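2 protein chains.
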Amino acid sequence: MNGLTIQEAAATTGWSSRMLRYIEHEGLIAPRRSSAGYRLYGPEQLQRLRTLRELLQEHEMSLGDAGFALRLNRESDLRDAVEAWFEASPSKPDEVPASDWLRWEQEKHQRLLAEAAR
Amino acid sequence: MNGLTIQEAAATTGWSSRMLRYIEHEGLIAPRRSSAGYRLYGPEQLQRLRTLRELLQEHEMSLGDAGFALRLNRESDLRDAVEAWFEASPSKPDEVPASDWLRWEQEKHQRLLAEAAR
DNA sequence: CCAACCTTGACACAACCGTGGTAAGGTTGG
DNA sequence: CCAACCTTACCACGGTTGTGTCAAGGTTGG
Numbered sequence: 010m011n012g013l014t015i016q017e018a019a020a021t022t023g024w025s026s027r028m029l030r031y032i033e034h035e036g037l038i039a040p041r042r043s044s045a046g047y048r049l050y051g052p053e054q055l056q057r058l059r060t061l062r063e064l065l066q067e068h069e070m071s072l073g074d075a076g077f078a079l080r081l082n083r084e085s086d087l088r089d090a091v092e093a094w095f096e097a098s099p100s101k102p103d104e105v106p107a108s109d110w111l112r113w114e115q116e117k118h119q120r121l122l123a124e125a126a127r
Numbered sequence: 010m011n012g013l014t015i016q017e018a019a020a021t022t023g024w025s026s027r028m029l030r031y032i033e034h035e036g037l038i039a040p041r042r043s044s045a046g047y048r049l050y051g052p053e054q055l056q057r058l059r060t061l062r063e064l065l066q067e068h069e070m071s072l073g074d075a076g077f078a079l080r081l082n083r084e085s086d087l088r089d090a091v092e093a094w095f096e097a098s099p100s101k102p103d104e105v106p107a108s109d110w111l112r113w114e115q116e117k118h119q120r121l122l123a124e125a126a127r
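Top to bottom, those sequences are chains A and B.
So for the first sequence, our numbering puts the first residue at 10; every next one is plus one.
So for the second sequence, our numbering puts the first residue at 10; every next one is plus one.
Think of the hints as simulated: they come from the structure by calculation, not from any bench.
These numbers come from a predicted model, not from an experiment.
Backbone N, C-alpha and C fix where the C-beta goes; we use that ideal spot for every residue, glycine too.
Certain hints may be false.
Which residues of chain A face chain B? A partial, calculated answer using Cβ under 10 Å [unchecked claim]:
id, residue
1, Met10
2, Met28
3, Tyr31
4, Glu33
5, Ser44
6, Gly46
7, Glu53
8, Arg57
9, Leu61
10, Asn82
Ranges of calculated distance between the beta carbons of each label pair, as one might list FRET restraints [stated by the list, open to error]:
id, chain 1, residue 1, chain 2, residue 2, range
11, B, Thr14, A, Arg62, 44 to 54 Å
12, B, His68, A, Asn11, 16 to 26 Å
13, B, Thr14, A, Gly23, 46 to 56 Å
14, A, Gly46, B, Glu35, 39 to 49 Å
15, A, Gly76, B, Arg62, 18 to 28 Å
16, B, His68, A, Glu33, 22 to 32 Å
With these hints in hand, go ahead and build the complete structure from the sequences.
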């Protein structure tokens, strides 16, 4: 019976065993099972688990995001649909919503000041 | 003042005006503003809103997923990191030194765990 | 001028996410 | 045989998402 049990895997990857089950439940990383149904984590899974951990922490993303990335990777039609969404707008050169908004706020402020001065 | 007001945009895209504000708040689609701050939706935004709607419904994804797709599209380092995660495991039979190293590492961990358990 | 819009901000609420815990029972290795 | 694991299935609970609604106030077109 080679491979780490869930507890050992938890210890070496930084997840809790509870979360390892959750991650599997979410379809992200599924270890193989022993004949009695025990989860057995191999080197590949351990690596993926560690990398996943970094990924989430380093890039401020959620498990759901990772799951979606996976879908994007597997389902080509989904990838195409998303791609199509990106292109669903006649060439707007660049979009900077935040700064536009800021500028507009300033103008509003000035307008209000001008009005108050009257 | 050209462009549809929020209510009109809602009517033609199938979203509620509340959701149009929410979608903007989430950074997905931001219309430009009139001088008084009114949202003005142009054809591109309307198109994106309709496509977004289909996308979510047809592919069982959430606004958050769409937001993440957008990030993935803009942030190349994020894209790379996710890509790296995908490649962090798949049964590559022999990547000569790495697998030996990994196995050795695991055994070490196991030894340490066993020792700690005593 | 006024009705009918628009704005932001807030309260509400169900559904889900992330996470821990606990219970009841099976497996295993010394 | 038994302690120490493992399994699934639940309860709990704070945080986030998605959505409606309402209030207080500004804008606009006829």
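- Task: Could you tell me which of the hints above the structure violates, numbers in ascending order?
- Result: 1, 2, 3, 4, 5, 6 and 12
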